[in-house]
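Student: Listed below, chain by chain, are the residues.
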Amino acid sequence: MSKGEVVVLDFWVSPFCMRVKIALEEKGVEYEGREEDLFGGKSELLLKSNPIYQKVPVLLHNGKPLCESTTIVSYIDEVWPSPPLLPPCAYGRAQARFWADFIDKKVFDAVGKIWRSKGKVAESAKEEFLEILKQLEGALGEKDYFGGDSFGFVDVIAIPLTSWFHAVEKFGGFKVEDECPKFSAWMKKCMQKESVAKIIPDPEKVYEFVIMMRKMQGIE
Amino acid sequence: MAEEVKLLKTWSSLFGLRIVWALKLKGIQFDSIDEDLTNKSPLLLQYNPVYKKVPVLVHNGKSISESLVIIEYIDETWKQNPLLSQDPYEKAMARFWAKFGDDKVLSSIWSVFINQGKEQEEALQVAMENLKLLEENLKGKKFFGGEKIGFLDLALGWLANLICVLEELSDIKIIDKERFPLLLGWMQEFSQAPLINESWPPREKLLTKFQIMRENQSL
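Those sequence lines, one after another, are chains A and B.
Per my numbering, the very first residue in the first sequence carries number 1; after that it's consecutive.
Per my numbering, the very first residue in the second sequence carries number 1; after that it's consecutive.
Because the hints were derived from the structure by calculation, they are not lab data.
Mixed in with the good hints, there may be bad ones.
[Claimed, not checked] Calculated cross-link-like contacts (lysine to any residue; reagent style SDA-like; alpha-carbon spacing at most 20 Å):
1) B/62 <-> A/101
2) B/104 <-> B/79
3) A/48 <-> B/53
4) B/79 <-> A/90
5) A/105 <-> B/102
6) B/132 <-> A/53
7) B/53 <-> A/53
8) B/99 <-> A/53
[What the hints assert, rightly or not] Simulated restraints, written as ranges between beta carbons of each label pair:
9) A/219 <-> B/81: 32 to 42 Å
10) B/90 <-> A/139: 38 to 48 Å
11) B/103 <-> A/79: 33 to 43 Å
12) B/168 <-> A/120: 18 to 28 Å
[To be verified] A few chain A residues facing chain B, derived, Cβ under 10 Å:
13) 53
14) 137
15) 139
Where is the CB? At the ideal position from N, CA and C, for every residue including glycine.
Please work from the sequences and hints to get the whole structure.
Tutor: Here it is in structure tokens:
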């Protein structure tokens with residue numbers, strides 16, 4: 001299913017990069033992942049391809065750069081339409097985009113607030129985080145996936161962020177499984193998908209990474 | 001089937017204005033409901049339970065929130081006068097720049113408006129860098145959408161009107177002719193386009209509203 005050369009400027013622990021890779025895997029698109037050294041020094045290619053934000057992920061399709069993970073996933077869905085990530089009807093698509101935007105605005109920041117803080121601040125950050133998950137449970141309803149019967153756009157946008165949950169569970173002293181069982185069930189279902197299992201890193205390794213970040217930022 | 005299209009907004013909402021323009025450009029009849037955000041209607045709370053914000057589009061009883069999501073919905077539902085390109089790369093670019101406008105341009109200009117002295121100077125530098133990127137985007141084009149008004153023009157349209165209001169109130173020039181000739185040209189073309197022009201909120205009311213917001217910020 002080749003439609004040209006596909007390169008992903010990547011960082012192994014970035015959930016935003018994971019979104020792009022999962023989308024490509026779902027579509028059966030061959031791509032080259034190039035790991036960036038975000039601490040040692042960003043590559044020339046990254047700085048040239050994403051001059052505004054200088055961030056990963058960047059998708060290079062036949063040399064043309066695309067930035068911002070949600071925009072990239074939409075692009076992938078449009079260039080390689082099968083299997084579709086977005087539903088066919090305009091209203092379903094609007095709902096998917098709405099929840100993708102909600103997840104973008106809320107989840108990673110909420111995760112960050114937990115591991116970046118201690119004591120009372122971390123406690124209230126945890127409450128905020130669980131509140132967000134409960135809202136997402138509401139959106140999930142009785143469906144298997146956010147996309148309905150099949151793994152779709154919102155699932156792709158959301159699942160990579162869950163790779164950071166183990167780390168914040170450890171810092172926050174809670175378990176998503178106990179607090180939001182529906183969400184947890186959805187996570188497990190997604191992890192059974194080949195594309196997801198291949199891309200999501202070991203949560204223990206993510207936890208070690210977060211420990212390192214905390215040390216670097218002087219939080220202990 | 002008779003279409004029922006309702007738009008919940010406020011008289012001054014910049015994001016609501018995007019939807020007014022989108023609907024008008026497509027020639028869609030709609031009912032406008034101006035909300036009082038200090039006293040939100042049960043309708044708003046029902047149709048946007050997540051954020052309780054405007055704008056909300058209600059189409060045959062189904063609600064859609066978040067202005068850029070709404071514009072895409074409108075574009076996909078009513079195919080006449082398309083706002084987004086069919087080409088996936090062009091579409092991605094339009095979406096990227098619209099997000100840049102909301103995430104960076106809007107906040108940097110707001111920073112210029114509410115700050116004073118050294119902070120204002122610094123905020124102005126950031127705003128100008130952001131605007132330079134938009135200026136480059138306009139090279140060789142009449143509108144961000146090309147020959148016709150498109151998705152990105154609607155997303156950035158607030159610039160065409162609000163800048164003058166904010167510049168007047170803060171007594172500082174943000175978009176000047178030397179640095180931003182293309183942007184100024186676009187602002188004029190866009191503002192004066194039919195359907196766009198007739199929808200601007202009353203200028204005097206905007207001046208009053210933003211003056212009060214500015215004063216509240218410095219309290």
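Student: Now tell me, hint by hint, if it's right for this structure.
Tutor: We went through each hint and held it up to the structure:
{"no.": "1", "hint": "B/62 <-> A/101", "verdict": "holds, 19 Å"}
{"no.": "2", "hint": "B/104 <-> B/79", "verdict": "violated, 30 Å"}
{"no.": "3", "hint": "A/48 <-> B/53", "verdict": "violated, 38 Å"}
{"no.": "4", "hint": "B/79 <-> A/90", "verdict": "holds, 11 Å"}
{"no.": "5", "hint": "A/105 <-> B/102", "verdict": "holds, 13 Å"}
{"no.": "6", "hint": "B/132 <-> A/53", "verdict": "holds, 15 Å"}
{"no.": "7", "hint": "B/53 <-> A/53", "verdict": "violated, 28 Å"}
{"no.": "8", "hint": "B/99 <-> A/53", "verdict": "holds, 12 Å"}
{"no.": "9", "hint": "A/219 <-> B/81: 32 to 42 Å", "verdict": "violated, 53 Å"}
{"no.": "10", "hint": "B/90 <-> A/139: 38 to 48 Å", "verdict": "violated, 30 Å"}
{"no.": "11", "hint": "B/103 <-> A/79: 33 to 43 Å", "verdict": "violated, 25 Å"}
{"no.": "12", "hint": "B/168 <-> A/120: 18 to 28 Å", "verdict": "violated, 45 Å"}
{"no.": "13", "hint": "53", "verdict": "holds, 9 Å"}
{"no.": "14", "hint": "137", "verdict": "violated, 13 Å"}
{"no.": "15", "hint": "139", "verdict": "holds, 9 Å"}
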